[in-house]
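Those sequence lines, one after another, are chains A and B.
At the far end of the first sequence sits residue 453, using my numbering, and the numbering has no gaps.
At the far end of the second sequence sits residue 453, using my numbering, and the numbering has no gaps.
Do not take every clue at face value.
Same chains, same label: a pair holds when it works inside one copy or across any pair of copies.
[Said to hold, decoys possible] Okay, derived cross-link-like pairs now, BS3-like style, lysine-lysine, Cα gap no bigger than 30 angstroms in a straight line:
id: 1; residue 1: K29; residue 2: K230
id: 2; residue 1: K362; residue 2: K264
id: 3; residue 1: K172; residue 2: K184
id: 4; residue 1: K420; residue 2: K210
id: 5; residue 1: K420; residue 2: K192
id: 6; residue 1: K284; residue 2: K216
id: 7; residue 1: K184; residue 2: K284
id: 8; residue 1: K259; residue 2: K418
id: 9; residue 1: K86; residue 2: K216
id: 10; residue 1: K418; residue 2: K192
id: 11; residue 1: K210; residue 2: K10
id: 12; residue 1: K226; residue 2: K10
id: 13; residue 1: K362; residue 2: K418
id: 14; residue 1: K259; residue 2: K29
id: 15; residue 1: K216; residue 2: K10
id: 16; residue 1: K29; residue 2: K362
id: 17; residue 1: K172; residue 2: K244
id: 18; residue 1: K165; residue 2: K10
id: 19; residue 1: K10; residue 2: K420
id: 20; residue 1: K172; residue 2: K226
In case anyone wonders, no lab produced these hints; they're calculated from the structure.
Protein chains: 2
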Amino acid sequence: MQFELTKEFLEILISAIERENLSWIKENVCELHDADITDILDELETAEASYLYNFLDEETQGDILMDLDEDLRQNLIQSFSTKEIAEQIEQLDSDDAADFMSELPKEQVEEIISQISNDETAEDIVDLLNYDPDTAGGLMQKEFMQVNANWPVNRCIVQLRKQAESVEKIFTIYVVDEQNKLLGFLSLKRLLFAKPDTAIADLYQDKNVISVKTGEESEDVAKTMEKYDLVSIPVVDLQNKLVGRITIDDVVDVIKDEAEKDFQMASGISENIESDDSIWKMFRARMPWLLIGLMGGVFGAQVISGFEGGISEVPALAFFIPLITAMGGNVGVQSSAIVVQSLARGTDQFGSILQKIGKETLVALANGAVLSIIIYGIAYIFEGPTLGTVVSLSLFTVILFAGVFGTLIPLLLDKYKIDPALATGPFITTLNDVLGIFIYLTIGVLFFGL
Amino acid sequence: MQFELTKEFLEILISAIERENLSWIKENVCELHDADITDILDELETAEASYLYNFLDEETQGDILMDLDEDLRQNLIQSFSTKEIAEQIEQLDSDDAADFMSELPKEQVEEIISQISNDETAEDIVDLLNYDPDTAGGLMQKEFMQVNANWPVNRCIVQLRKQAESVEKIFTIYVVDEQNKLLGFLSLKRLLFAKPDTAIADLYQDKNVISVKTGEESEDVAKTMEKYDLVSIPVVDLQNKLVGRITIDDVVDVIKDEAEKDFQMASGISENIESDDSIWKMFRARMPWLLIGLMGGVFGAQVISGFEGGISEVPALAFFIPLITAMGGNVGVQSSAIVVQSLARGTDQFGSILQKIGKETLVALANGAVLSIIIYGIAYIFEGPTLGTVVSLSLFTVILFAGVFGTLIPLLLDKYKIDPALATGPFITTLNDVLGIFIYLTIGVLFFGL
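Excised from the complex, chain A in its bound form:
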């Protein structure tokens, strides 16, 4: 029943495009769901995609434009005149239209806006372009349904019928007063089952009306919608006047991006890349963290070279350098990841930094104690009791330091409004490498009396 994109389908489609077999395309592509058409276009070369795109009706074109891969979209757009772009824009929801415009150079934006035939649409887009894309204002759309609290149900239905043309998904009707200030909301369900002459004022819900201000950050909007289990949220200005709404689909993207960003940071990738991106883009996204790692390695080499005499006397000391650095890195990443995740979730907001460090110290002491005992035995077998003591004691110390730093650094970054996820991944491992080597070799030199 549902469409599944296969390699075979793509091959048949490409040959249909080459032979300009319009009836096949009409029957097998144009009837599909917008989301499936988007997937197909993303898999085609620009020329084929462009051919297919131009064959779709205007409404579908508008619906899928913002879901296409950015590269493909920009290629498609280049073949359009400003007039054509303006026509496409009018098919979009205002938030998508504004997102689209924000990808274009300023002069082009002005030209396009002057070509939009519907004044209200143009105004909405110009208004939305004023907001920072990472705020509620940047996420909201101008299409929503509102009624005046003083109206009766039947007048509402007449008004809503008009508004419904431009609003794709309704969810909730917002109730405002004469000054357009948000008073509360009304579910379609309630409206559907109400008597025609009931006043909206007697019907709408005014308790616990959740809204966000235009300037609120996207992440906070996402948290609010998640917390209150909302599928749409009204956006108000500083005077509590209703100016837009945000729907759950846009917020799901924010939630996913946020979670993926943390994963990327922890993995040492500095841009949002995918495995089908260009080699140059991949190279660029990975280089910064590798350079940090390289610098850390050079510092490490510097530290070890300070102990050159010791190592040439007891070469066995070198055996456990990678173990110490790896364990410091692992503990550090674990600790910072727990902090980053708890910060992202907004849980555990009332503990002080000192309490958290205290707790992490206890966990590190426990992990460290078990691992130190195991490694004592192993190092003993390698080189006898002195090396056993040195490796075991160093490992314990390094785990303790790594745990405390791993907890402290993201907490400090967060306190000073820097993304705490920066502290995970290559950064914390590199720091712990250098520190670990220093602690290990110092203890080694002391115990071996070098």
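Could you slot chain B onto chain A? The hints should help.
Same frame as chain A, now just chain B:
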């Protein structure tokens, strides 16, 4: 306007509970949004939380029960009789009720179900308990609105009014035939603006009806809902009969959990832990990866000990061991993270494994070339041209290997239906550590003629 939970509020509340100041609690807590009450309860000790919970009305109790911290919920439940639990259950949506039951021992579940007064509710819960919690059947709820395609609009409205009592959020009305097979859907918007005698058959949408089967995995349900931008999706059995629906709020949790699980894997945490969990739980969640790291370190030590003679002659070789292992780890984690993310997103599904390895090799060659040139200069300064050549050549080789393994391993795991995220984090770093040391010291021994 919106409530914000502060330390001060909690202190006042706790003293109000101690002084049994019911009027303050009624005014300042009971009037709040369910989600805020949940947050407050989560911050209280069990005795205080229990006092407050019992003071709430039944409906609120039901609404918040499944949103409370699991520990708190279990503590609260212990003070209830089976009869009381059954009463609470009847307040819940069927999916929440089933989730709740699945946390309890089997005998207790049977007892509770026998105490539920509404037969239909009991049946729904028993039915839902049959499904694997990680499938569409485990996510779905029995509360949804359905109409028969043969009815006119006015009959529908009468029927829907009945159904609406049990359905909190409507979103979409499902249209079925006489055999209860899903035919399509009808938006409330369309119903609201239709004439009373119009037949549903002329009104509903039967093109591109997206549904999921009960046995489909949660992750796939989430992908489908995301792709088609749905706020709710109908669930059908193998005969295409409508059996339930899944709403976006439950799927947002799946999406978040999935993204967080990848982050946890990459960070070497084996359970879903938060910074306010117990020390014992944290210790347990971190130990497995640390043991893997320790074993890797011991293997590394073994490898280095095989080159003991070489290191005692040229101790400078030891200087760059941490650099080589760190860089191998970084490149490996980057590569595997890109693969894991692309697999999770379902992008780039048509490239073969060989193509992906080929591309990764090119990226690794580029990154490796730049970094090797830099490190040649640095190692030259430390110990002259031979060490420069050894470090630079080893780094290049290790980056290449780490890139290829980092790409290959998650792809292979995925091919054999194992979670590819297992390949990120401590696993890939440990593997690359051992491999890197071996490559580096082998090249070192060869070039220094040891």
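These are the hints, each one checked on the structure:
1. K29 to K230: Between. Shortest inter-copy distance 22 angstroms satisfies the 30 angstroms Cα cut-off; intra-copy 44 angstroms does not.
2. K362 to K264: Intra 27 angstroms, inter 23 angstroms, cutoff 30 angstroms: intra and inter.
3. K172 to K184: Both. Shortest intra-copy (22 angstroms) and inter-copy (25 angstroms) distances satisfy the 30 angstroms Cα cut-off.
4. K420 to K210: Neither, since 33 angstroms and 49 angstroms both go past 30 angstroms.
5. K420 to K192: For K420 and K192, the Cα distance exceeds 30 angstroms both inside one copy (43 angstroms) and across copies (44 angstroms).
6. K284 to K216: neither (36 angstroms within a copy, 39 angstroms between copies)
7. K184 to K284: Intra 47 angstroms, inter 49 angstroms, cutoff 30 angstroms: neither.
8. K259 to K418: both (24 angstroms within a copy, 24 angstroms between copies)
9. K86 to K216: For K86 and K216, the Cα distance exceeds 30 angstroms both inside one copy (35 angstroms) and across copies (45 angstroms).
10. K418 to K192: neither (45 angstroms within a copy, 47 angstroms between copies)
11. K210 to K10: between (53 angstroms within a copy, 24 angstroms between copies)
12. K226 to K10: between (39 angstroms within a copy, 20 angstroms between copies)
13. K362 to K418: Within one copy, since 19 angstroms is at most 30 angstroms while 40 angstroms is not.
14. K259 to K29: neither (34 angstroms within a copy, 38 angstroms between copies)
15. K216 to K10: between (47 angstroms within a copy, 24 angstroms between copies)
16. K29 to K362: Neither way: K29 and K362 sit 64 angstroms apart in one copy and 36 angstroms across, limit 30 angstroms.
17. K172 to K244: both (22 angstroms within a copy, 26 angstroms between copies)
18. K165 to K10: neither (44 angstroms within a copy, 48 angstroms between copies)
19. K10 to K420: Classified as between: cross-chain Cα gap 21 angstroms, same-chain 47 angstroms, threshold 30 angstroms.
20. K172 to K226: Close inside one copy (22 angstroms) and across copies (20 angstroms); limit 30 angstroms.
Of the numbered hints listed earlier, those contradicted by the structure are 4, 5, 6, 7, 9, 10, 14, 16, 18.
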